[in-house]
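Undergrad: Next come the chains, spelled out residue by residue.
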Amino acid sequence: MSRASKALMKNNNKKEKEILKENQEIYTNMVIYLRGSDMTEYNQELIRGDLIDMIIDGQNRGDNIQKVMGENYKEICDEIISTMPQKTTIEKIMSFFTFTFRMIWILGVALIIKTLIHNIMEVEDGFINYTLTSGEILNGVIIVIVAGITVNYISKTSFNEKKHNRLMLFIKTFIILSMIIAVMSFSSHYFDYVLINISMLAAMGIIVLLFTVEKALSQKYD
Amino acid sequence: MLKGMLDGCILQVINQKETYAYIVSKELAKCGFGEISEGTIYPIILRLQKKELISATVKKSNSGPSRKYYKLTSSGEEVLKQFKRDWDELNNAVGSLFHLELEGKI
Numbered sequence: 004m005s006r007a008s009k010a011l012m013k014n015n016n017k018k019e020k021e022i023l024k025e026n027q028e029i030y031t032n033m034v035i036y037l038r039g040s041d042m043t044e045y046n047q048e049l050i051r052g053d054l055i056d057m058i059i060d061g062q063n064r065g066d067n068i069q070k071v072m073g074e075n076y077k078e079i080c081d082e083i084i085s086t087m088p089q090k091t092t093i094e095k096i097m098s099f100f101t102f103t104f105r106m107i108w109i110l111g112v113a114l115i116i117k118t119l120i121h122n123i124m125e126v127e128d129g130f131i132n133y134t135l136t137s138g139e140i141l142n143g144v145i146i147v148i149v150a151g152i153t154v155n156y157i158s159k160t161s162f163n164e165k166k167h168n169r170l171m172l173f174i175k176t177f178i179i180l181s182m183i184i185a186v187m188s189f190s191s192h193y194f195d196y197v198l199i200n201i202s203m204l205a206a207m208g209i210i211v212l213l214f215t216v217e218k219a220l221s222q223k224y225d
Numbered sequence: 504m505l506k507g508m509l510d511g512c513i514l515q516v517i518n519q520k521e522t523y524a525y526i527v528s529k530e531l532a533k534c535g536f537g538e539i540s541e542g543t544i545y546p547i548i549l550r551l552q553k554k555e556l557i558s559a560t561v562k563k564s565n566s567g568p569s570r571k572y573y574k575l576t577s578s579g580e581e582v583l584k585q586f587k588r589d590w591d592e593l594n595n596a597v598g599s600l601f602h603l604e605l606e607g608k609i
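As you go down the protein sequences, you meet chains A and B in turn.
Heads up: the first sequence at position 188 corresponds to 191 in my numbering, and the numbers run straight through without jumps.
Heads up: the second sequence at position 33 corresponds to 536 in my numbering, and the numbers run straight through without jumps.
Note that these hints are calculated values from the structure, not bench results.
Mixed in with the good hints, there may be bad ones.
As a list, the in silico EDC-like pairs of lysine to aspartate or glutamate whose alpha-carbon atoms are at most 20 Å apart [what the hints assert, rightly or not]:
#1 B:562 - A:53
#2 B:529 - A:28
#3 B:553 - A:44
#4 B:553 - A:41
#5 B:553 - A:53
#6 B:529 - A:66
#7 B:553 - A:66
#8 A:70 - B:538
#9 B:571 - A:66
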């Protein structure tokens, strides 16, 4: 994220606290929906700042968010999205890589910690080597895909007013999670062929490199 | 057509004095446009800004957060003049049509 976006976000996070509880749900849904659009993060923050100002100004007049926004929240968000400049194809590709690199270095850090603990417990030398099996790589890919789909699903359905049957929702989530866990367990158990075997320091270097590239991409394209 | 009309009417309100979105919606309501929320006005204002027909200045408010005040640019003034000409033509055309009906010619 660029410095300008960060500064805007910080300012918006501060202003956002003034939004009354009764107006927060609709405001949050609008922001989540806008987050799922192809606007740059900078433009998302600009719009978010305007929305916060409108809502707080309305609150000061005694108007709630329904009065200020006019109740067609999704249509308003769609109009805003269609008006604002969208990311170019290159920016979209770079955003994809930024997200993927971010997920990889986070998973990489988790795996390094896991390997360090394992090595210290088993062979009393945490820095021996860093191995990745085909199963662990496949599981990493699954986690990245599931995270991407989940974020996209949440943003696209933020305005769904259909009352969810809590039991059905629980059953659906339980079945999907069970399937994902089953596939990941199967993969880590059976796909144990070691694809990467490098020193721990080299692994840490790669993670730092991915982290740096992700931050650079994020600053330029978000 | 109605969407374009609202754009023109918002330009006209802003042309009268530098103002912010809430006042635009109130002025339109006063003229008989009914309740048009600030949320409905906001995307149109963004569009007018994108077309560089209006420009925004952030000003501090005594009663809450800073407000964005809008004023017409020179292109905005030209577009507003054209909108008024188009509206006159349309108004005359529709008027003539109703006049013919009154005279029993259609």
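Undergrad: Find the hints from earlier in the document that the structure breaks and name them by number, from lowest to highest.
TA: Violated hints: 2, 7; rest satisfied.
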